[in-house]
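Visitor: Sequence:
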Amino acid sequence: MDAHKKREQLLHKYLSGTCTPEERLQVEQWYRQLDLPGELPSMEQMENDLADVRERLPRKRAHRLAPWYRYVAAAAIAAVMAIGVYVYFFQSEWSGTESEVAATSLPDDLAPGGNRAILQLADGTEIVLDERPDGTVAQEGEHAIYKHADGELVYQLEASGADREVPVFNRLQTPRGGQYHLVLPDGTHVWLNAASTLTYAISGATQERLVQLEGEAYFEVAGDPDRPFRVASRGQMVEVLGTHFNVNSYPDEPLIRTTLVEGAVKVSGSTDQRPVVLAPGEQALWAEDNQLAIRKVDVAQAVAWKNGKFNFSHSDVATVMRELSRWYNVDVVFEGEKPDITLSGEVYRNTNASNVLDILAFYDLDCRIVNQQGVKQIIVRKK
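Residues 862 to 1244 in my numbering are what the sequence shown lists, from first letter to last.
None of these hints come from the bench; they were simulated from the model. One should not assume that every hint holds.
Distance ranges between label pairs, derived from CB positions [to be verified]:
hint, residue 1, residue 2, range
1, Thr879, Asp991, 44 to 52 Å
2, Arg1156, Gly1096, 36 to 44 Å
3, Asp970, Arg1156, 32 to 40 Å
4, Glu992, Gly1197, 18 to 26 Å
5, Arg1032, Asp1225, 36 to 44 Å
6, Thr1060, Arg993, 43 to 51 Å
7, Arg1095, Val1236, 28 to 36 Å
All C-beta atoms in this analysis are idealised placements derived from N, C-alpha and C, irrespective of residue type, glycine included.
Full structure from sequences and hints, please.
Guide: Below you can see the structure in the form of structure tokens.
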């Protein structure tokens, strides 16, 4: 049995309460020795997660846990969900032999996405931002365009003058495996997720601030009562004055999801359907057949991507794989029928794909990365 399987089985036994005292000690000693990046959550934070964690535990395991093990297992999974501990389970040093440890590394892994985007100017010039140093990247009319560290693009007005009669549009596009932070001329902040495109006016005599979105973006809109801010995406229109919200409008997703964090937004379809007004914590679901519904959601989950995390709650496998496909810039192929199961959990996005796929093994999924003539794919099948 290879080291990967041994680790998986041992952690399964620990979480199900069937391991020996020696095996329990081995897992807990390993956990205490982990060298994890960033700040660790406090014990109080972990305990606050326990109620939610117990709800996420598969029912078929829950009835087998003794009271003491149930608390330990929940605490362990709370740590997993809070800081992505399990991600490091298959990376960290192990008590096995050197050859066993070496066998767990994948020759063809997928690095996480990063700050990558292409800026298209009004004349069609394209600027690959991740290939440019920090500083001024272009001059568009009276605006200087600056690239700052950590993937931020800022428009700054350098010379005021009469508005142009014809609006000047720019476009920012992130590839699969990319993300970017944009500050528009009016001070509105936009975070673009992977495989997304935002088209926006930077000057011109317009009575509104209209942007076109394909993909996903989080908006923090600068207030301007005289010029409403509008987001058009696949036939849906979102109108605001000043607020924070997220729009998920990928072409391969069945619904457009608009989630309000603070303030108020008005959502409407492409026909004369009466618009709906969202309150903070609500999400509008719009289908292209013009059906519009509202539901209460966990805002932290809806905007987890902006905060560097994957966060799934009872998500089907296809939905999870579409998100991984966009972030790791890889195609996903299902062998046989798509597994009819749902996944829940949270893990940081700044980890290699193999570590995320290892977690999915606990849901009876076999996910592997293959390299066929230089083209990488994730193959998924039910165990």
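Visitor: Indicate, hint by hint, whether the structure satisfies it.
Guide: Hint by hint, here is what the structure shows:
no., hint, result
1, Thr879 - Asp991: 44 to 52 Å, "48 Å, holds"
2, Arg1156 - Gly1096: 36 to 44 Å, "20 Å, violated"
3, Asp970 - Arg1156: 32 to 40 Å, "37 Å, holds"
4, Glu992 - Gly1197: 18 to 26 Å, "41 Å, violated"
5, Arg1032 - Asp1225: 36 to 44 Å, "43 Å, holds"
6, Thr1060 - Arg993: 43 to 51 Å, "21 Å, violated"
7, Arg1095 - Val1236: 28 to 36 Å, "29 Å, holds"
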